[in-house]
Amino acid sequence: MAGPVVYRTRRSVLHMAALAAAASVIAPRLSKADAKAVEAEIKKLYDGKTIADGRVKLDVPQIAENGLVVPITVDVESPMTEQNYVKAVHVYADGNPLPGVFTFRFSPLSGRASASTRMRLAQTQNIVAVAEMSDGSLFTTKAEVKVTIGGCGG
Amino acid sequence: MATRPTPRVRVPGNIKAGDAVEVKTLISHEMESGQRRGQDGKPIPRKIINRFTATFNGKPVFEADWHAAISANPYQSFFFRPSENGELKMVWKDDDGSEYTATSRITVS
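Which chain is which? The protein sequence lines are A and B, in order. Residue 42 in the working numbering sits at position 42 of the first sequence, and the numbers go up by one each step. Residue 109 in the working numbering sits at position 109 of the second sequence, and the numbers go up by one each step.
Hints may contain errors.
What the hints assert, rightly or not - Partial pick of chain B residues on the chain A-facing surface, computed with a CB cut under 10 Å:
hint, residue
1, ALA20
2, SER33
3, ALA64
4, ASP65
5, HIS67
6, ALA68
7, ALA72
8, SER77
9, PHE79
10, ASP96
11, TYR100
Think of the hints as simulated: they come from the structure by calculation, not from any bench. Don't be surprised by glycine CBs; every beta carbon is placed ideally from N, CA and C.
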């Protein structure tokens with residue numbers, strides 16, 4: 001019989017078992033976003049720019065019974081003319097596996113910088129919105145949603 | 001997916017030129033987030049609609065980039081201020097490259 005011969009002592013077997021146990025603990029659990037991940041996402045887009053509070057409004061329920069379908073409306077104060085309109089609104093969730101929720105892009109043809117959709121939330125967390133105006137100024141707001149049943153398959 | 005996603009769109013009937021009206025849309029799609037695991041323990045690959053666009057006579061009105069956190073059968077509403085007659089075209093773009101479209105004739109008074 002050719003082929004390598006592997007000697008396994010009792011100690012080496014125990015070692016391997018311990019290593020395997022350790023690996024399963026560290027092994028890729030689905031990672032979670034947090035407030036830092038949200039900040040990093042915002043920094044990717046608007047590094048070094050000042051972001052003021054206000055002008056953007058988030059309409060979300062205070063308590064969401066079902067995290068699978070949470071209604072969300074964003075509304076930004078703006079005349080929505082060719083010279084002065086809302087370019088984009090980015091929304092992030094700091095307790096989901098991934099921070100990004102959506103980006104809405106408006107145009108003067110929108111007439112009103114308001115739009116709604118529905119999102120999944122894994123747990124109770126903060127929703128952060130950043131709005132970019134046509135003149136480049138930035139506004140932000142934050143809202144907490146308490147989630148009774150999480151919406152990520154568990 | 002068993003059936004092709006079907007979009008549904010609701011535009012208000014009576015539109016006065018220069019008024020902003022709310023358009024409501026819904027499309028059937030499971031929006032598989034890529035975060036779930038199947039019975040074999042393997043992650044189920046992501047398959048979502050990642051982009052929604054609305055144009056009027058070819059000009060952009062509204063766009064949404066959707067991430068994995070958007071619910072199944074995604075709903076999207078937006079505002080639209082037409083000043084002339086024309087065609088409002090909405091396109092949903094799937095991760096697999098397919099596109100689903102809906103159009104609506106707009107007449108202003």
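Status of each hint after checking the structure:
For ALA20 of chain B, the interface hint holds, since its Cβ comes within 10 Å of a Cβ in chain A; the closest pair sits about 3 Å apart. At a threshold of 10 Å, the smallest CB-CB gap from SER33 of chain B to chain A is about 7 Å, leaving the interface hint in force. This hint holds: ALA64 of chain B has a C-beta 5 Å from the nearest C-beta of chain A, less than the 10 Å allowed. A hinted interface residue such as ASP65 of chain B counts as satisfied when its beta carbon comes closer than 10 Å to some beta carbon of chain A; here the least separation is about 4 Å, so the hint holds.
The beta carbon of HIS67 of chain B comes within 4 Å of a beta carbon in chain A, closer than 10 Å, and the hint placing it at the interface holds. Interface hint status for ALA68 of chain B: upheld, as the beta-carbon distance to the closest one in chain A is roughly 6 Å, under 10 Å. Restraint check, ALA72 of chain B versus chain A: the minimum CB separation of about 7 Å is within 10 Å; hint holds. At its closest, the beta carbon of SER77 of chain B sits 5 Å from a beta carbon of chain A; the interface hint therefore holds under the 10 Å criterion.
Interface hint at PHE79 of chain B: satisfied, since its Cβ lies 4 Å from the closest Cβ of chain A, which is below the 10 Å cut-off. About 20 Å separates the beta-carbon of ASP96 of chain B from the nearest beta-carbon of chain A, more than 10 Å, and the hint is not met. Look at TYR100 of chain B: its Cβ only gets to about 16 Å from chain A, farther than 10 Å, so that hint breaks.
Violated hints for the displayed structure, listed by number in ascending order: 10, 11.
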